[in-house]
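A.B. asks: Protein sequence lines correspond, in order, to chains A and B. Reminder that position 90 of the first sequence reads as 90 in the numbering used here, one-by-one numbering, no gaps. Reminder that position 340 of the second sequence reads as 742 in the numbering used here, one-by-one numbering, no gaps.
Since the hints were made in silico from the structure, they are not lab data. All of these numbers come straight from a predicted model, not from anything done at the bench. Idealized CB from N, CA, C, for every residue including glycine. It is possible that part of the hints are untrue.
[What the hints assert, rightly or not] If you want a taste of the chain A side facing chain B, the calculated C-beta under 10 Å gives, among others:
id, residue
1, Arg-76
2, Met-150
3, Ser-280
4, Asp-303
5, Val-305
[To be verified] Cβ pair distances, simulated, as ranges:
id, chain 1, residue 1, chain 2, residue 2, range
6, B, Gly-782, A, Gly-112, 42 to 50 Å
7, B, Asp-781, A, Pro-145, 51 to 59 Å
8, A, Pro-330, B, Ala-696, 46 to 54 Å
There are 2 protein chains.
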Amino acid sequence: MTPEAEAEAVAEPVAEPEAVARAALTRVLEPGDRHGGRWLREFGGVELVRLLTGPEGERGQPGGVGAERLAGYRRRAARADPVRDLAEAAAAGIRFVVPGSAQWPSQLDDLGDARPVGLWVRGPADLRAWALRSVALVGARACTPYGAHMAQTLAAGLAERGWVVVSGAAYGIDGAAHRGALAAGGATVAVLACGADVAYPRGHTGLLDRIARQGLVLGELPPASHPTPSRFVQRNRVIAALTRGTVVVEAAHRSGSLVTARRAQDLGRFTMGVPGPATSGLSAGVHELLRGGAATLVTDAADVVELVGDMGELTPERRGPVLARDLLAPQTARVLEALPAGRPADVGAVALASGTGTDEVIGRLYELHSLGFVERQGDGWLLGRRAPDGGTDAGASRRGGG
Amino acid sequence: MTPEAEAEAVAEPVAEPEAVARAALTRVLEPGDRHGGRWLREFGGVELVRLLTGPEGERGQPGGVGAERLAGYRRRAARADPVRDLAEAAAAGIRFVVPGSAQWPSQLDDLGDARPVGLWVRGPADLRAWALRSVALVGARACTPYGAHMAQTLAAGLAERGWVVVSGAAYGIDGAAHRGALAAGGATVAVLACGADVAYPRGHTGLLDRIARQGLVLGELPPASHPTPSRFVQRNRVIAALTRGTVVVEAAHRSGSLVTARRAQDLGRFTMGVPGPATSGLSAGVHELLRGGAATLVTDAADVVELVGDMGELTPERRGPVLARDLLAPQTARVLEALPAGRPADVGAVALASGTGTDEVIGRLYELHSLGFVERQGDGWLLGRRAPDGGTDAGASRRGGG
């Protein structure tokens, strides 16, 4: 991590009392807790923490749950130490992103009261920008070689088209998806059911470190938290909500990946499935989705992009005011200025020209891509034709200095 | 062929001048000729033959085509010898079935002016009854072992459920479908793009003979006619129209099987596709159909029957007056009477009890099945619970004698 990125990582949560309160609440509320979500909406984080740690029986206490359950919340709130958590997380390169902050992916607000309290995020990239152009690839842990091949090929193809590949870092399809994106020099996000500092599964320790260097590793749970079955289920809702669409590569009947797919559908996201041999039990769940019309059949990255790329309302141009160049973070602006006019450049050349590390350059390029400033072309990057303030004639419109 | 079946085969066409005229017209009009179909509708077969063989320039001649094309029709009409064709066909066990006759499958009327002039039919079964419970299985000639396995398994599963498997007798998927149905002791129909006496492809001579013994081999073209590319295309419309639905097992982009599938869809039939590996070019056409929503994904015979079996309006009970037992052909009634009450019997036992050959028994059982008199149960046949005049209590309702 560069010094700048590290400074950013620490700055955000510590500055805001609401962020500190929400950091505490990630030790109190389990992911997806709708009671907690309602209280947060009613009281705000600071007041909710005060009520849960103040004298018992005080007027205006959060309600709607039994006394025993409320006592559990209070016990966990009493033990929470968010300042220590935030400091330890920062030391491990993990920042805490809360709803409403600049990096918060507002798609997660679609989850209503089940919206995450906040996200613990490890890695250099801008989560909000990346999520705008992201697709989830999910599937079976015990996948077939065919499934692994499809996940890897799809992920590489999506990365080549400038899309961010989101998955759950599990063995099988998830791992193949992350590896496919990384191998194509692309962007990938691992959403965990544990702390962002916990290497789960253990065999993916190296993979998670690579993802955190080149992409993002994140989760709802505070540092050192371990996964549980219900946390896996709730993690899937984050994957579904964060992305524009979910592709199921291989899934047996009644598998967790199908739950993710149906969540995506309920949230109005695109749900897609990769077919396989009708004789394969690991394609049976996907075929079930496709047969019922709950998902669209896709066979390659072009199919996926044809679907999710259509959803114009999520592209920043149509979403509200265009982000002006002057509002780009300094590191991002530096990468944009390093791109030559009229021809594509590879990541190495941009890194050299901008004086930035290659891992960070990748993150910034994907961020610029999601904002419409640059486009991906094969292995290289090009100033975008649809750049908000006239990217094609980049020499003329480029800011002075830099 | 039994002596009775042979007598039936000869009787129908020779008795009717309209049938003789239509037999002549199968030498004049190419399959799917809409001009010819319109003339047939306007003039009827007998008058159309008279006009085409009468003096040139006569008033009221068929119009709408150029002089040269009309001359071609007249040349072919002059050379046609339907009485000889019908006699030679009968000698080869082939009968000629025309619209409106008892064996005519009225689904073909959905083709409008492209309706076949008539069908040359080889084999013992009742075409009309069989078509009511039939499904087409089509696909690539150069199929993969996976495709052949799927076609064979689907066909066997359909046969076990009492459905008739229709295909085109080509190498690859077609052959596997016919073989799967035959191996399950089931009913199958080969629709050819040539004369019903022509073994095409040559390597399927034995298979076609087996189909003609246990099922039906049929086509629009008179004896000794050879296939042409346009005849293959037109043959596909007959397959699509004859059946309740078409399943595409393997098909490359832009293949003939996709044309059949789209014809089926245009005709309001069910269109289905068997998925395969996304990496297989021979599944690409099927995936294209499925992706566009033009077909429903199916992975086994149960999936197929769940779709096509729904179409209640085609089952005879709901379609109009129930066929009374007394109206069954004598051979069919004899097979019905040979079924024991309350337990299933296999084909061999029914053949023995009815004094009928096993191949013919299969045909009659499928006919009785389509009329609701019997049901298939595993390898055996059972008196139907929904039999039109009380099949369950078969001992009581069975006709005397027999």
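A.B. asks: Among the hints numbered above, which are violated by the structure, and what are their numbers in rising order?
C.D. replies: 1, 5, 6, 7
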